[in-house]
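J.: Here is how the chains run, residue by residue.
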Amino acid sequence: MLKRFSKRVWSWLDTRIGFTDMIKPVAEHLVPRDARWWYVFGSATLTAFVIQVFTGVALAFSYVPSAAHAYATLQFISNQAVFGRFMRALHYYGASAMVLMVGLHMAQVFLFGSYKYPRELNWVSGSLLLLFTLVMGFTGQLLRWDQTGVWSVVVAAAQAARVPIIGHWLARFTLGGDTVGGATLSRFFAIHVFVMPALLFAFIALHLVLVLRHGISEPPNPGLRPDPKTYQRQYEELMKKTGVPFWPDAAWRDVVFSAIMIAGIVGMALVFGPPALGKPPDPSIIAADPRPDWYLLWYFAVLALLPHGTEHWFMVLAPLAVGFLLILLPLVFPRGERSPRRRPWAVGLVLMVVLMIGTLWRQGEVSPWSPNFDVKPLPAQVVGTAGGPIAQGARLFYEKGCINCHLIAGHGGRRGPDLTNVGSRLSRNEIILRISNGGINMPAFAGTMTPEEMNQLADFLLSRKVGVTSQHLTIP
Amino acid sequence: MNENKNIEGAGVSPASFSAASPSITTEKVRTDPGALHVEKAPNSESPQNSEEASRRVFLERLSIILGTMGALGLAAPAVGFIFAPLSERAPRIWRKVGKVSGFKVGTTVPVRFEDATPLRWAGVTANTAAWLRRVDEERFIAFAINCSHLGCPVRWLPDADLFLCPCHGGVYYSNGAVAAGPPPCPLTRYPVRVKNGDVEIQTRPLPFAT
Numbered sequence: 259m260l261k262r263f264s265k266r267v268w269s270w271l272d273t274r275i276g277f278t279d280m281i282k283p284v285a286e287h288l289v290p291r292d293a294r295w296w297y298v299f300g301s302a303t304l305t306a307f308v309i310q311v312f313t314g315v316a317l318a319f320s321y322v323p324s325a326a327h328a329y330a331t332l333q334f335i336s337n338q339a340v341f342g343r344f345m346r347a348l349h350y351y352g353a354s355a356m357v358l359m360v361g362l363h364m365a366q367v368f369l370f371g372s373y374k375y376p377r378e379l380n381w382v383s384g385s386l387l388l389l390f391t392l393v394m395g396f397t398g399q400l401l402r403w404d405q406t407g408v409w410s411v412v413v414a415a416a417q418a419a420r421v422p423i424i425g426h427w428l429a430r431f432t433l434g435g436d437t438v439g440g441a442t443l444s445r446f447f448a449i450h451v452f453v454m455p456a457l458l459f460a461f462i463a464l465h466l467v468l469v470l471r472h473g474i475s476e477p478p479n480p481g482l483r484p485d486p487k488t489y490q491r492q493y494e495e496l497m498k499k500t501g502v503p504f505w506p507d508a509a510w511r512d513v514v515f516s517a518i519m520i521a522g523i524v525g526m527a528l529v530f531g532p533p534a535l536g537k538p539p540d541p542s543i544i545a546a547d548p549r550p551d552w553y554l555l556w557y558f559a560v561l562a563l564l565p566h567g568t569e570h571w572f573m574v575l576a577p578l579a580v581g582f583l584l585i586l587l588p589l590v591f592p593r594g595e596r597s598p599r600r601r602p603w604a605v606g607l608v609l610m611v612v613l614m615i616g617t618l619w620r621q622g623e624v625s626p627w628s629p630n631f632d633v634k635p636l637p638a639q640v641v642g643t644a645g646g647p648i649a650q651g652a653r654l655f656y657e658k659g660c661i662n663c664h665l666i667a668g669h670g671g672r673r674g675p676d677l678t679n680v681g682s683r684l685s686r687n688e689i690i691l692r693i694s695n696g697g698i699n700m701p702a703f704a705g706t707m708t709p710e711e712m713n714q715l716a717d718f719l720l721s722r723k724v725g726v727t728s729q730h731l732t733i734p
Numbered sequence: 035m036n037e038n039k040n041i042e043g044a045g046v047s048p049a050s051f052s053a054a055s056p057s058i059t060t061e062k063v064r065t066d067p068g069a070l071h072v073e074k075a076p077n078s079e080s081p082q083n084s085e086e087a088s089r090r091v092f093l094e095r096l097s098i099i100l101g102t103m104g105a106l107g108l109a110a111p112a113v114g115f116i117f118a119p120l121s122e123r124a125p126r127i128w129r130k131v132g133k134v135s136g137f138k139v140g141t142t143v144p145v146r147f148e149d150a151t152p153l154r155w156a157g158v159t160a161n162t163a164a165w166l167r168r169v170d171e172e173r174f175i176a177f178a179i180n181c182s183h184l185g186c187p188v189r190w191l192p193d194a195d196l197f198l199c200p201c202h203g204g205v206y207y208s209n210g211a212v213a214a215g216p217p218p219c220p221l222t223r224y225p226v227r228v229k230n231g232d233v234e235i236q237t238r239p240l241p242f243a244t
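Chain order of the listed sequences is A and B. The letter at position 379 of the first sequence is residue 637 when you use our numbering, and the numbering goes up by one with no holes. The letter at position 142 of the second sequence is residue 176 when you use our numbering, and the numbering goes up by one with no holes.
Derived from the structure by calculation, the hints contain no laboratory data. Bear in mind the structure is a predicted one, so any value in this text is a computation, not a measurement. By construction, the Cβ of each residue, glycine as well, lies at the ideal position given by its N, Cα and C atoms. Any given hint could be a false lead.
Claimed, not checked - Pulled from the structure, derived: some chain A residues nowhere near chain B, Cβ distances all over 10 Å:
id, residue
1, F263
2, L389
3, A546
4, M610
5, E657
What the hints assert, rightly or not - Among chain A residues calculated to face chain B with C-beta under 7 Å, some are:
id, residue
6, F319
7, P323
8, A325
9, F431
10, T437
11, D540
12, P541
13, S542
14, R673
15, P675
16, T708
17, P709
18, N713
Sequences and hints are given; from them, build the entire structure.
T.: See below:
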């Protein structure tokens with residue numbers, strides 16, 4: 259009785275909604291039988307995006323996008339709101355997962371040659387989705403609206419200002435005026451919460467329509483070079499012969515992988531919590547140490563490590579060039595070998611990009627180019643004496659800021675060379691010459707130190723010899 | 035192009051997704067491929083009805099023109115609203131940062147002042163800082179705290195007589211000249227004056243290298 263009734267209700271709804279006519283065939287469209295675990299990253303990206311939408315909407319219930327109040331609402335969400343910390347953490351690790359999955363998805367599609375005919379626009383739309391994802395990451399970090407958030411806007415505006423001709427306009431547009439102020443946060447809020455999500459929804463829809471239109475690419479076979487003239491017919495025949503319905507034969511792997519990813523996000527959120535809130539967004543607090551979140555930390559490293567004179571070009575041209583090359587890739591190489599076994603350059607390129615970003619990321623973590631501001635005067639056991647010119651030199655090493663950039667026995671900064679054993683390497687004249695004249699990354703001290711001070715500092719540095727620097731390091 | 039269009043419409047192959055339009059249309063495409071451009075209106079095939087056809091062309095154009103005008107008419111003010119900050123110039127205002135007697139000759143200290151036209155909801159973001167150096171009895175120099183590399187706030191090390199940037203290791207001498215690292219030009223200076231015993235700094239846009 260009940261069963262008959264529910265069947266009638268369903269049939270009434272189905273006639274009107276068209277589930278059986280429209281949605282079922284899409285869900286059950288045929289996909290390659292051997293598309294297995296390599297194909298789960300796209301759906302995982304989508305899952306991460308859905309998490310971002312839900313947690314983002316939840317956070318928006320409490321967030322106030324006002325330059326004066328956003329920081330207070332962040333404090334409220336982090337410290338008082340029920341599940342507030344958890345929501346923030348989910349949104350952060352969800353964003354991290356999304357960036358990571360976009361990267362994996364892209365690498366897989368590239369290695370399998372799936373961007374080739376007829377799926378060129380799948381790749382192009384995907385590249386735009388990568389851009390949107392990174393913009394979301396950057397603007398999201400700003401909305402935390404602590405000190406780092408404010409300085410991130412300034413750094414973004416400074417980069418925009420490097421664009422020829424329209425640079426100053428772009429910088430003003432970024433800030434919403436002459437300086438960081440009341441207009442700044444609202445702009446990024448609108449971009450992060452309305453503009454970018456709208457673009458993401460639209461392009462995800464386009465991306466999925468294209469995936470359905472051309473089908474999931476069959477895993478490549480070495481030696482098979484699909485011909486655009488016959489590819490689509492061959493693909494359809496292959497699907498009819500060996501394809502399996504997407505739902506549920508292929509989709510279960512997507513569900514399992516996404517579930518694992520969600521478990522990872524929830525686990526990280528519970529264990530580590532959200533990123534800590536920095537100092538208030540007051541641009542007049544000078545003691546600041548702005549760092550981007552991890553997914554842009556490698557680019558922060560790039561900007562520090564660029565050779566002198568190239569950064570002007572690089573800052574503007576490199577992002578444009580990367581975008582241009584990504585869009586050009588499927589248009590220039592729409593056919594030919596798809597298998598990574600026959601495309602050593604493609605494999606090498608992916609390895610190179612991973613290594614490059616990995617290395618830069620590691621450098622960004624350490625940021626050896628940043629002076630160490632938390633230094634204290636060298637302890638007596640490192641100096642080795644409490645009086646005389648060597649002790650005076652050690653005091654100068656601290657006062658003149660040498661220690662902010664140079665290491666001695668593990669104390670100090672990493673900007674310049676480690677001077678733990680400099681006495682074994684350089685003579686007094688060489689040392690004084692360097693200190694007086696400086697270098698590309700070292701100031702000249704000739705104008706700010708007396709000859710006596712210079713000699714004391716040299717005395718101290720000359721005493722930094724292999725085996726005598728400290729008791730712990732004595733070589734037997 | 036459409037050689038592999040699936041006639042069944044609601045088939046299970048991916049290519050059919052795009053062709054899943056009503057079956058009447060698909061029939062027409064199959065029987066008369068030349069009628070593709072008019073497939074949306076079945077009646078248009080009767081050639082005797084030329085009045086109907088010209089009416090259709092007119093309505094088509096009308097819809098496109100009206101639609102475009104409506105979209106542009108609404109988009110123009112919205113875009114203008116968003117881009118307004120490009121054309122507005124904030125006035126330059128002298129802000130007091132302290133009594134002349136409060137600054138020792140030869141020292142460089144941070145001072146704080148308010149932006150030219152802070153919005154009421156700007157809160158602490160309306161603040162700007164500068165490094166104020168008292169050169170001698172009369173002369174002051176006010177440096178922007180922003181590194182000329184990417185705008186990060188530089189810190190003053192009084193004993194070393196240097197400004198250091200925490201972001202990418204830029205270094206400046208006490209006169210703002212680049213001492214080391216990536217900065218392309220010296221620290222920007224704000225106009226500064228002494229009036230009625232007060233040191234005043236004139237507000238400026240955030241300085242960026244171009």
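J.: Look at each hint and say if it fits the structure.
T.: Results for each hint:
1. F263: Since the minimum Cβ distance to chain B is about 28 Å, F263 (chain A) lies beyond 10 Å and the statement holds.
2. L389: Non-interface label stands for L389 (chain A): nearest chain B Cβ at 20 Å, farther than 10 Å.
3. A546: Since the minimum Cβ distance to chain B is about 5 Å, A546 (chain A) lies within 10 Å and the statement is violated.
4. M610: holds, 24 Å
5. E657: Not fine: 4 Å to the nearest Cβ puts E657 (chain A) too close to chain B.
6. F319: Violated. Min distance 20 Å.
7. P323: Violated, about 10 Å.
8. A325: Status holds, d = 4 Å.
9. F431: Result: holds, 6 Å to nearest chain B Cβ.
10. T437: holds, 5 Å
11. D540: Holds: closest Cβ of chain B sits about 4 Å from D540 (chain A), inside 7 Å.
12. P541: At 6 Å from the nearest chain B Cβ, P541 (chain A) passes the 7 Å test, so the hint holds.
13. S542: OK, holds: S542 (chain A) within 7 Å of chain B, min 4 Å.
14. R673: holds, 5 Å
15. P675: violated, 14 Å
16. T708: For T708 (chain A), the interface hint is violated, since the closest Cβ of chain B sits about 13 Å away, which is over 7 Å.
17. P709: violated, 17 Å
18. N713: violated, 18 Å
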